[in-house]
Amino acid sequence: MTRYFQNIWETITTLLTGFGITWVHMMKIKKNNVTLQYPEEKWPRPERNIGFNHDDYNVIRSRLTVDINDCIGCLKCMRACPVGCIHIDTVKADVRGEDIQEVGHVGITSNGSKKAMVVTRFDIDMTECCYCNLCTFPCPEECIFMTGGPNADRHHIDYEFSEYDRSDLIYRFAKKGTQEKMTEIKAPKEPKVKA
Amino acid sequence: MGVIHGEEMVLNIGPQHPSTHGVLRLKVKTDGEVVSDIYPVIGYLHRSFEKHCENVTYEQVVPYTDRCDYIASMNNNLGYAVTVEELMGIEVPEKVEYIRIIVAEFNRIASHLLALGTYGLDVGAFTPFLYMFRDRERILDMFEMVCGARLLYNYIWVGGVSHDLPKGFVETAYQFLDYFEPQVTEYNNLLTYNKIFVERTADVGVLPPDVAINYGVTGPNLRASGVKWDIRKDEPYSIYDKFDFDVPVGQGELGTIGDCWDRYWVRMREIEESVKILRQALKGLPKDGDVHQAIPKKIRPPKGSIYKRTESPRGDLAYYITSDGKPKPYRLKMRSPAFTSLSVLNKISKGWMLSDVIAILGSLDIVLGEIDR
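Read top to bottom, the protein sequences are chains A and B.
Its first residue numbered 1, the first sequence is counted upward by one per residue in this note's numbering.
Its first residue numbered 1001, the second sequence is counted upward by one per residue in this note's numbering.
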């Protein structure tokens, strides 16, 4: 019989202890509010006060992007990718380090290396990307990177890139029409046979 | 008066059920409300991790290990990195070792917070879940600061880590620890000693130590049965031998040794031990050092094989790697602790009510990503 009342007593006291904690938190909810109203309020906010700035991040795993003018077509990122979501095609340039006006090819990178290859196709399928960041490390020209964070001066942060069509998530970084124009340029000039 | 047995009924729990912590299906044979047999059906999340690893290089395996135990990716990365390093004979700089310990222990806290929070949810307490997720969020924020990702980090590489700790990390970590330590008392008042919670968990689903050892159960589930076995202490890897911490074991304070409450309580005390390790590691963290220094240009381990185990938040996580001298592993086997923990479910939940099965399953803290791999 004592056990019965003791059980009831313990239930009530432990419940009230719990309610007390919730009550205290409810009283100071304005100060301790951790929920963000997402579309109106966006993370990161400086007043959230976790103790670090946006610039202090090592990297932010947002969207991959490529500065195609700096790409030398070394295929290192393609080989590093564990899921194979990067597809690159290259054509050998006639003269190393020279601009090709027709396709908008820039011969020399911002680091000063002369390009031997013309990148005709540089597709990243973001539906397959696993955001492991392995492709950005081997790049000798640092032209493939994640947007935002420390790279914010090169590309603003972009993590809201949902689309209605899956094919819209395949990002094509090579300049438009490079493939066709390069085959035209490269094609051996045969004398036209009159019909 | 004899017991009247009714017709037995087979009940399906899952694969889409919030209490199964993932895509797990339980075929439960019930006699009235009493469970007479459980048959867990696994494989809904199978991604053929081991076969995949044979087709990618050693560096590229790391993102796949993330996706096994996705609650504690850092510990999975650490286990893999330590194994390959031992196979190749790589000496890692001291700074890297400290960083690894720091992130691994933070991830252990985060993982246990998730386990305890969802366990409260399983037995009907919603508030502690929100409180624990609030604090877990701050750990994930710190990880995002370190490596840019919140869940699948790909941070610990073979021979090093991907990034150095950013400036301001150590201060943030100390701030978090100062904030977090009193919170444990709050959790205890809120959930641990709550009479309703104790009634649901104490004396329920007792796992005797001999059964636990026979089934190969490891980690907090084994320690809750009173067996003092922690790889960090008994077979130290990395630099765990430098730190001073206790191994909490179940003592049956409110019930029998090895009941659901003990499994819960061991995790809660392990959080406190992790805080202890973190304070020592943050204090001893070397100021300078290159985290990329020991990363090999080409990872080509010599011919041979290795089996190395580490202590993940779920228990004894081990990798078996066979190398034939090529840049891709010839064979990679992962021993996952949650798999063995799940295997004991049938043994310990026979004769309990259906609602107790949910409590027992939650206390085992399984992650289906790791069971199915």
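Worth double-checking, as some hints may not be accurate.
What the hints assert, rightly or not - Some chain B residues flagged as far from chain A (calculated, every beta-carbon gap over 12 Å):
#1 Thr1030
#2 Leu1121
#3 Arg1335
#4 Leu1354
To be verified - To be clear about the criterion: a stretch of chain B counts as covered by chain A if any three or more of its residues have a C-beta under 8 Å from a C-beta of chain A, and this derived list gives those stretches:
#5 1160-1172
#6 1181-1191
#7 1283-1290
#8 1315-1323
Since the hints were made in silico from the structure, they are not lab data.
Computed from a predicted model, the values in this text were never measured in an experiment.
Idealized CB from N, CA, C, for every residue including glycine.
Going through the hints against the structure:
Every Cβ of chain A is farther than 12 Å from the Cβ of Thr1030 (chain B); the closest lies at roughly 28 Å, confirming the non-interface assignment. With a closest Cβ-Cβ approach of about 15 Å to chain A, Leu1121 (chain B) is found to remain outside the 12 Å limit, as its non-interface label requires. The beta carbon of Arg1335 (chain B) sits about 22 Å from the closest Cβ of chain A, which is more than 12 Å, so the claim that it is off the interface holds. The Cβ of Leu1354 (chain B) sits about 23 Å from the closest Cβ of chain A, beyond the 12 Å cut-off, so the non-interface label holds.
Evaluation of the coverage hint for the stretch 1160-1172 of chain B: fulfilled, as 9 residues show C-beta separations to chain A shorter than 8 Å, against a requirement of three. Look at the stretch 1181-1191 of chain B against chain A: 4 of its residues bring a Cβ nearer than 8 Å to a Cβ of that chain, three or more, so the hint holds. Counting residues of the stretch 1283-1290 of chain B whose CB lies closer than 8 Å to any CB of chain A gives 0, which falls below the minimum of 3, so the coverage claim is violated. With 0 residues having a beta carbon nearer than 8 Å to a beta carbon of chain A, the stretch 1315-1323 of chain B misses the requirement of three or more and the stated coverage is violated.
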